[in-house]
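Input sequences plus hints: build the corresponding full structure.
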Amino acid sequence: MVDLDSEVPPLPPRYRFRDLLLGDQGWQSDDRVQVEFYMNENTFKERLKLFFIKNQRSSLRIRLFNFSLKLLSCFLYIIRVLLDDPKQGLGWSPIIWVNRSLPLWGLQVSVAVISLFETLLLSYLSYKGNIWEQILRIPFLLEIINAVPFIITIFWPGLRNLFIPVFLNCWLAKHALENMINDLHRAIQRTQSAMFNQVLILISTLLCLIFTCICGIQHLERAGNRLTLFDSLYFCIVTFSTVGFGDVTPRIWPSKLLVVIMICVALVVLPIQFEQLAYLWMERQKSGGNYSRHRAQTEKHVVLCVSSLKIDLLMDFLNEFYAHPRLQDYYVVILCPTEMDAQVRRVLQIPMWSQRVIYLQGSALKDQDLLRAKMDDAEACFILSSRCEVDRTAADHQTILRAWAVKDFAPNCPLYVQILKPENKFHIKFADHVVCEEEFKYAMLALNCICPATSTLITLLVHTSRGQESQQSPEQWQKMYGRCSGNEVYHINLEESTFFAEYEGKSFTYASFHAHKKFGVCLIGVRKEDNKNILLNPGPRYIMSSTDICFYINITKEENSAFKKQESNRKKHESKLSYHGASRLPVHSIIASMGTVAIDLQDTGCRTSSGPTLALPSEGGKEGRRPSIAPVLEVSDASSLQTCDLLSDQSEDETTPSDDEASAGFEYAKGYPPYSPYIGSSPTFCHLLHEKVPFCCLRLDKGCQHNYYEDAKAYGFQNKLIIVAAETAGNGLYNFIVPLRAYYRPKKELNPIVLLLDNPPDMHFLDAICWFPMVYYMVGSIDNLDDLLRCGVTFAANMVVVDKESTMSAEEDYMADAKTIVNVQTLFRLFSSLSIITELTHPANMRFMQFRAKDCYSLALSKLEKKEREKGSNLAFMFRLPFAAGRVFSISMLDTLLYQSFVKDYMISITRLLLGLDTTPGSGFLCSMKITEEDLWIRTYARLYQKLCSSTGDIPIGVYRTESQKLTTSESQISISVEEWEDTRDTKEQTSYRSNHRNSTSSDQSDHPLLRRKSMQWARRLSRRVPRHSGKTAEKINQQRMNLYRRSERQELAELVKNRMKHLGLSPAGYDEMNDHQNTLSYILINPSPDTRLELNDIVYLIRPDPLAYVSNTAPSRKDSFCNTVGQDTREETQL
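With this note's numbering applied, the sequence shown covers 869 to 2004.
Hints listed in this document are in silico derivations from the structure and should not be mistaken for laboratory results. You may find that some hints are simply not true.
[Stated by the list, open to error] Listed next, with one range per pair, are the computed distances between beta-carbon atoms:
1. A1686 / H1192: 33 to 41 Å
2. L1964 / V1503: 53 to 61 Å
3. E1046 / M1683: 48 to 56 Å
4. S994 / N1187: 36 to 44 Å
5. G1373 / K1275: 23 to 31 Å
6. C1564 / N1947: 16 to 24 Å
7. S1730 / S1222: 26 to 34 Å
8. E1578 / V1258: 28 to 36 Å
9. K1275 / E1046: 38 to 46 Å
[What the hints assert, rightly or not] Quick list of in silico lysine to any residue cross-link-like pairs, SDA-like style, CA-CA up to 20 Å:
10. K1734 / V1111
11. K1570 / G1648
12. K1178 / R1737
13. K1124 / I1140
14. K1538 / H1558
Everything numeric in this text was worked out from a predicted model, so none of it was measured. Yeah, the Cβ is synthetic: ideal placement off N, Cα and C, and Gly gets one too.
What follows is the structure, encoded as structure tokens:
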């Protein structure tokens, strides 16, 4: 212990008992030194400089006082002139001497002393080492001239009446005013004041010139005409306005010289001022100025933030935004960093837009520009990405920064953000509404393959229209299509609704069917009051509540509708209802007629993949009795409801897979994908593999140690392929695969998916898709015919061509789609039976899809489009056949979805549910069914509605119809047989030749070298007979010649494809080169009227209730049949 104590060092000497009592005060006073900073600012000069110059507010007061002194001196000069008597004195003495009273002299001397003292003090404080720079300044010299003589008169009384040019103080007042305005702007932190300053300088310069000329002429003319101040004012105004009446003129040469000098000064100074003002005005016009705070607080406005503003984007926004009646009083403030485009400038000069739209050039990242746009007072802020950028990730980064900047500046402003890539979406989760372009694009492309024209359906639903397009057209399909295109999604509270209030306490399907039957509206979904989630078709077990929000499809919203009751027709209708079974009975008679209902109930078994039909009800009564449909019950009955167990296998055949499937490992499971390529993707219940596929097996065109297949034919797929041609495997492509592998798709209907990529995919993307069955990729391009054949284009049901990012930007905007259009046209010519779905950058380029220059029908539709555009239609492109059929779309057409969300905040959610991007428990999904010959007994759309609601609980929302073109002027429709034009004098050899020619469509042109020459000789022989026939005959002959040429061209193309297939070792079997569907047209009828007749091959869009919602209430059964989602005729199987 002694050793340890001796090792402890002793305390320092300063830590004594006194130190413990008094603390470290003595030590602090000994060692620490107090340092004062900025001592240089404590000097007297620095304090004065801080008060007179540096401090904004005190400097502003000093300059205001100085400005007032100068104005006072000018005012005293005017008083002296008015009190002066110019008649006293002779010769030049009136110019040198004036009459100045003693009080006036005292005031002028006081003003001069104060002004001189202030000037000397400011010169001293601003002195920087060069005294001559201070002395030779014009304001200092003017101050000396106007102040020093007055100080001299204090000591020399004889000079008190000496003339002093005090009126020159107006220039000092102008200088003080400029400084004062600058200090004012600094004090209130006002920016963009250059325009105001320049206008102030111009006005003050002009006033100083006129005032100097007035006072100078008046004083010099004391020795001449002895003019008054008013006469001098009159003379100056007349002279400077170049009028020059000549009634008042200077008489002596000094006054004349002054006039010459002032005119020269005016000619030099004023043009410079006007030039600067014009330049600033032009710059202000470019930048857009400010949106005033008063307008922002008294009027409503929204802000549109874009990287670059194109005319198409602007017009789409304005047309959609102002299509809603309640937005007519809103103003649109555009905040864009680039200069206004010439086309945009011309449009914004139109009175309809010039009074509503304000263009501000500025950046959303600058608080000053956000303040100019009054972002904190805005009703909403729309932030759009530049999709034409080559680097779309960089475009998203700019959008994210803009969203952050707006949220930081105006936290309460609602944000509507458009993002391009899904992996960047989680950065802007705070935004009120977000639309991810690639998510929506790929989901629509996927549904287009199983529900034809889904892209057209969604586009028409999110566009505002009155349904008046093409109502004057002579063609019936255009009238129906145009009328039904006006249907949109609206919402209303159940208890406030005339449509749905009577269905409180009843099932959803009952309310939907009867509302459609009675009012023609289609109820598609609801939202509970205490829940933010929207449920699409929650099914017959959902009971409507008075607080529910109903979502329905109709031409217009209920608030804009008028209801007319026709009692007589109603009574007649009720009398008819009593004789046609329970399906036509009133609601209160259903229970009393259960005997009849029991006879009419049909087989409620779910559809199988082999034959999707609406089974004809078995007739237990009289033969010839018209089939009837079971009623839709007010409250669902478990015994009558068709339930399907989607968690089990669909049939015995699927439950026990074949030997080939078992050996190939085609055992599927249902579950959530274990890996998502990006953050923020909504989990979807899908068909999955038990084990993920090795990456080498995902390559379609190259064998590996697990399989030796090198082309699509070798795999032996039972169903036709879906090929996606894209530049890169972006994360958005994941949303193409998920809807095609959703759990409600039967396993036998799963189409193999082949990704034809220009660039190899990343490993993380392969890790995401390796869990899905029958998904492959291949590196290649649609430019290369060999790549197309290897990936199985001859066995494909759909070919999806995605717009390439590298071609989205071009020197000429609309040329961005040139490569895609030409490639698709080549595909269309080589594989005419292939269903091609194309994405374009610009909607205007849709007219080039499947282009036929001499097709009269296409030319007629082009004229119709122009007429609709002249009428102001927002959907002028809707009558283009490729768009109406769903074979082409542009993602820019979905921009209106974001704009429409400002009024309908539920539209994005409903669209995501329809596309399968979001899955809400209890919410239905979009699917389709095909009307076959066995289903035509249904007859009308209303009966189909009743049949679906009473059996499966499905809600139909539209019809996709395909029909033949009936216009006789269409090139594709005019087809005459050779026998009709056989001349009686023709030989049998000619007849046999023509017959052989009809049957030689698949022959080789090289094997028959005389075929084309003989056909042209035959056509010329026909052309020489024109004078003996009518004009109609000549037209048909020309059309026949064109058909002969077209058939020969197709033979050449078919031979080219077959030769390449032989070269690649592929069998040409299955290549159908002559299957051409150019003579058909397809279109969509959204929510058609109940009496619309169903036609063969109609495809009905359905919203099917969520099968998982009934799993807890029904025992799983592996023998139950699977509810079929029919998007195409899957009975046609391709055996490879």
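Do the hints match the structure? See the list:
1. A1686 / H1192: 33 to 41 Å: Between A1686 and H1192, where Cβ atoms are some 36 Å apart, the hint holds.
2. L1964 / V1503: 53 to 61 Å: violated (36 Å)
3. E1046 / M1683: 48 to 56 Å: holds (52 Å)
4. S994 / N1187: 36 to 44 Å: violated (59 Å)
5. G1373 / K1275: 23 to 31 Å: Once the Cβ atoms are compared, 44 Å apart, the range 23 to 31 Å for K1275 and G1373 is violated.
6. C1564 / N1947: 16 to 24 Å: Given a distance of about 45 Å, which is not inside 16 to 24 Å, the answer is violated.
7. S1730 / S1222: 26 to 34 Å: holds (32 Å)
8. E1578 / V1258: 28 to 36 Å: holds (35 Å)
9. K1275 / E1046: 38 to 46 Å: For E1046 against K1275, whose Cβ atoms are near 40 Å apart, the range 38 to 46 Å holds.
10. K1734 / V1111: With Cα atoms ~56 Å apart, K1734 and V1111 exceed 20 Å; violated.
11. K1570 / G1648: Measuring from Cα to Cα gives roughly 12 Å; hence the hint holds.
12. K1178 / R1737: holds (18 Å)
13. K1124 / I1140: violated (25 Å)
14. K1538 / H1558: holds (9 Å)
This entry does not satisfy hints 2, 4, 5, 6, 10, 13, going by the numbered hints stated previously.
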